[in-house]
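Number of protein chains: 2
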Amino acid sequence: MPGLTIGDTVPNLELDSTHGKIRIHDFVGDTYVILFSHPGDFTPVCTTELAAMAGYAKEFDKRGVKLLGISCDDVQSHKDWIKDIEAYKPGNRVTYPIMADPSREAIKQLNMVDPDEKDSNGGHLPSRALHIVGPDKKVKLSFLYPSCVGRNMDEVVRAVDALQTAAKHAVATPVNWKPGERVVIPPGVSDDEAKEKFPQGFDTADLPSGKGYLRFTKVG
Amino acid sequence: MPGLTIGDTVPNLELDSTHGKIRIHDFVGDTYVILFSHPGDFTPVCTTELAAMAGYAKEFDKRGVKLLGISCDDVQSHKDWIKDIEAYKPGNRVTYPIMADPSREAIKQLNMVDPDEKDSNGGHLPSRALHIVGPDKKVKLSFLYPSCVGRNMDEVVRAVDALQTAAKHAVATPVNWKPGERVVIPPGVSDDEAKEKFPQGFDTADLPSGKGYLRFTKVG
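Those protein sequences? They're chains W and G, same order as listed.
Take the first sequence: its letter number 123 is residue 123 in the UniProt record's numbering, and every next letter is one higher.
Take the second sequence: its letter number 132 is residue 132 in the UniProt record's numbering, and every next letter is one higher.
Excised from the complex, chain W in its bound form (with noise of 0.2 Å):
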């Protein structure tokens, strides 16, 4: 399959969507934005995420974050759609762009296809596939999951609140980390630039290599 993968620039396709016409790279602009594929309109999986997805507008709203989503359904299925959406959860409303692909060429580029899962006429259908792009149009982090398994909404905040505190501050977060929560310093860091870059202190864990390599430090 195509290889669409972290570190590559997402291909700057334009296509129709519930907002009218969208090119990739002018959407993302100078923020990060959440690409997002689902296998199809009206089916069970998908209403439960992009419902989550609407109630979780506001949170990325906040951390500047747009999201688009995209499957091989055309713009009228996608609106007749969230109608349904939206009475699933009420309150939560789909006011980001879903896009149509119909063709299946942008979900192929983008690396977007489930090839266990065919339509009823042996075309192509999307995975759940989760794109996190930067303001450098370059895909930071992906989740690809396979259509029988929703995605964890909150585990994609967190991922973005990981990749923007790693950003602001170059500083890398461990396993299972929170906001909040200790960060590490990275190994080009020599301690003497530590001091300086985190007048806040760091805290070197004591190993048995004495490389001293795992410096945690609290950041803002």
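A portion of the hints provided could be inaccurate.
Each pair may be met inside one copy or between any two copies, as identical chains are not told apart.
[As the list claims (entries may be wrong)] List time: in silico EDC-like cross-link candidates among lysine to aspartate or glutamate, alpha-carbon distance up to 20 Å:
1. K178 with D154
2. K83 with D206
3. K211 with D61
4. K79 with E155
5. K137 with E117
In short, the hints are calculated from the structure, not lab data.
Guided by the hints, dock chain G onto chain W, whose structure is given.
Frame of chain W; chain G shown alone:
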């Protein structure tokens, strides 16, 4: 970049590891495997991740899931580093093998390269990629994280539970699903078939389209 993605068969590579030579398909056998890369030995986030994986080993074992690590460091480096990992979280033993890919060929074939990260010789380094491989040797679900963001091992456990529940009961799991919660009946199953397959019954969400596609049930 090369594009191993969900639905693809994992390449049947043979590599040295901390447990001797490993041929990936033989290692998978008829079980699920979590195949995960880390950017480098003796680096901070990786140490927290591999210690966490050691801590979760019992959870994965209960689910019949084997762990298999990989990076570009050599086997001796892995063995030395394991002392640090185990000292960082006393009681967490690294019982899973870590493969060595000094030629960087395997990480390319496995879609585990972080194109933004290079070693001091300009060589590629792995991302924090994690593929859940099924007994059929195919990639079921992938997490592709950059070096600056540690993974969420709770989400990995949840994803394994969701995949295994979906496969066992021929159902799908809605957004943010956790074990014990309701699952959904796939669209390909008619209501009549559903009544046979799910004698415990199911609830159909009442949505404006009236299409009756969002059907919840409980499985054991």
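Could you work out which of the previously given hints the structure breaks and list their numbers from low to high? Numbers 3, 4, in rising order.
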